[in-house]
Structure formats: C-alpha cells, structure tokens
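Respectively, the protein sequence lines represent chains A and B.
For the first sequence, the working numbering begins at 1 and goes up steadily by one.
For the second sequence, the working numbering begins at 1 and goes up steadily by one.
Since the hints were derived computationally from the structure, they do not count as laboratory data.
Watch out, some of these pointers could steer you wrong.
Keeping only pairs whose Cα atoms sit at most 35 Å apart, straight-line, the calculated DSBU-like set for lysine-lysine is [to be verified]:
1. A:K50 / B:K19
2. B:K57 / B:K18
3. B:K3 / B:K69
4. A:K50 / B:K13
5. B:K51 / B:K162
6. A:K15 / B:K116
7. B:K162 / A:K50
8. B:K69 / A:K15
9. A:K50 / B:K18
10. B:K116 / A:K50
11. B:K18 / A:K15
12. B:K57 / A:K50
13. B:K32 / B:K69
14. B:K13 / B:K32
15. B:K51 / B:K69
A few chain B residues that don't get close to chain A, going by computed Cβ distances all over 10 Å [unchecked claim]:
16. K13
17. F30
18. L41
19. V48
20. A52
21. T86
22. G141
23. D156
The beta-carbon is built from N, C-alpha and C at its ideal position, and this holds for glycine as well.
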Amino acid sequence: MSTFRRSQNRANPNKLNNILSTLIFILILNVSIQIWLLYASLNNALDNNKEILLPAFIASAVLFLIGFAWLYYLPSGNFKKK
Amino acid sequence: MSKEDNLNENWKKDFPIKKQESTQVSRRDFAKFLTFVSGGLMVGSGFVAAKAYFLPKEGVQGEHFICNKDEVPVGGTRGFVIEGSTIPYILIHLESGDFRAYEQKCTHLSCSVFYKPGTGIIHCPCHEGSFDAMTGDVIAGPPPRALPQLEVFFKDNAVYVKAMAENKES
Chain A
1 MSTFRRSQNR ANPNKLNNIL STLIFILILN VSIQIWLLYA SLNNALDNNK EILLPAFIAS
61 AVLFLIGFAW LYYLPSGNFK KK
Chain B
1 MSKEDNLNEN WKKDFPIKKQ ESTQVSRRDF AKFLTFVSGG LMVGSGFVAA KAYFLPKEGV
61 QGEHFICNKD EVPVGGTRGF VIEGSTIPYI LIHLESGDFR AYEQKCTHLS CSVFYKPGTG
121 IIHCPCHEGS FDAMTGDVIA GPPPRALPQL EVFFKDNAVY VKAMAENKES
C-alpha cells in the first residue's frame, strides 16, 4: 500500500530539507510558547493567582501533543535503499 | 608496534564508534529532542498547577507581636521572623507615620531588600530592583511581583502583624 511516506521519502532532498526545517521551526516555536507559559504560571502561582494555572497547563499539553503528532511527518530520508 | 598502539587498536575494536559519528546530531534526533523538552515543560506546568491546588502555601496564622511603636524611629526598620517560620520580614516606620511589614526577600532572586530612609523606596542591591514602600509594588528593576505584605495593626502602643486580608481587586 502506498502511503504519503513512500513518496515523501522519494522526494527531492531539497523538499526533505524544507519539510525538516519547517518541522523544527514549529517545534522551536511550540517550546518557546511553553517556556513563556511555564514562566507566567510560576509567577502567578507565587503571587497566589490560581485562575491561570490550569489553562496554562492545558495549553502546554496541547502544544506538546501538537509537537508529538508533528513527529509523524518526520521524513526518514531517501538515502536508505531496501 | 609499541604496546601503547596495540592497546589503542584493541580499544577501537571494542568500541567501534567514530568520534565524528558520536558528536553529530541529526535533524531527526534534534526534532525528537525538542519534543522531549516540550513534554518536560508540559510536566513542569502540570507540577506548578498541582502544587498550587493540592499543596497551597500556608499563610501567616494568627496575630504576632513585633515590638512597641517607639522602638522603631521614623524612617527606621526592624527585622523579624514569625514563630515556626524562617521567612525574614521587615517592619518599616515610614516618614508618613504609617507602619508597613513586608517579606524581606526580593521577588526576583530572593536577595535581602532594605528601606532607603527618606525616599519611600525599598531597594534590592543585587540587581537594582525598587519597590514602593507604601504598597510593595514594583517601581523599577527586574522583580516580577510585588513584595508579599503583612497587615500591621496596633494594640495601644504595641505593633502586631497578621496575614493580609484577601484583596484580589487591587
């Protein structure tokens, strides 16, 4: 059965480069937002503001799940001949 | 071939990993590592939320005697610690005649703060942070939060402190 992955792996290295760079860019973006969320929730927890903590955790979890699902699109490269 | 060379060769056979291969990080591995970091940050956020909800910080309980009014001159301060706690506090006698009590730990990196007489400013010498002595709010510098405050009240000539009443609106 042909999946997107087969054609993805046969793609031109330039295209693979683009895919990987985009993936890593999005992941770095996610991690940056998560760092900001953690910093903000820590500050609010120390200031006894509890309202923001749960939404911040949920947002962080959603970002992690996005990043985790994103790994599915990680190309395995077209240099391996089976 | 010297003995040393021979030893080196055997070592290389046992661990056939080239230095270049061991230090190179592929982009695939980097992406996976970023996801791992992302998971760590999510766990950290969860931990902060869980700690705030299930193990809340215990506030100051009850009323505590500090000293008599005349023991602190105008513009002067007095450090104190509440029984059963190690958090240092300072009592400030402001030039306006008011008394204020704050935690003596800067909210930035927990350096000791001190009152600058005559200015109405509580100063942190570590990174030049300034707090308003009337309210505890941050005026300048890196501190992210206002200084935690205790409520000061008087019984005759004696100065007492208790936990600040909840006023989230302010």
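Quick rundown of the hints versus the structure:
1. A:K50 / B:K19: violated (50 Å)
2. B:K57 / B:K18: violated (52 Å)
3. B:K3 / B:K69: violated (84 Å)
4. A:K50 / B:K13: violated (58 Å)
5. B:K51 / B:K162: holds (24 Å)
6. A:K15 / B:K116: violated (63 Å)
7. B:K162 / A:K50: Between B:K162 and A:K50 the Cα gap is close to 22 Å, so the pair holds against 35 Å.
8. B:K69 / A:K15: violated (76 Å)
9. A:K50 / B:K18: Distance of about 52 Å is beyond 35 Å: violated.
10. B:K116 / A:K50: Roughly 33 Å between the alpha carbons, so the hint for B:K116 and A:K50 holds.
11. B:K18 / A:K15: holds (30 Å)
12. B:K57 / A:K50: Roughly 12 Å between the alpha carbons, so the hint for B:K57 and A:K50 holds.
13. B:K32 / B:K69: violated (62 Å)
14. B:K13 / B:K32: holds (30 Å)
15. B:K51 / B:K69: violated (39 Å)
16. K13: holds (26 Å)
17. F30: Given that some Cβ of chain A is not farther than 10 Å from that of B:F30, nearest at about 6 Å, it is violated.
18. L41: violated (4 Å)
19. V48: Violated: least Cβ distance 5 Å, not greater than 10 Å.
20. A52: violated (4 Å)
21. T86: Given that every Cβ of chain A is farther than 10 Å from that of B:T86, nearest at about 17 Å, it holds.
22. G141: At roughly 15 Å from the nearest Cβ of chain A, B:G141 sits farther out than 10 Å, so the non-interface label holds.
23. D156: Consistent with the label, B:D156 stays out of reach of chain A, its closest Cβ about 32 Å off (over 10 Å).
Violation of the numbered hints given earlier is confined to hints 1, 2, 3, 4, 6, 8, 9, 13, 15, 17, 18, 19, 20; the remaining hints are satisfied by the structure.
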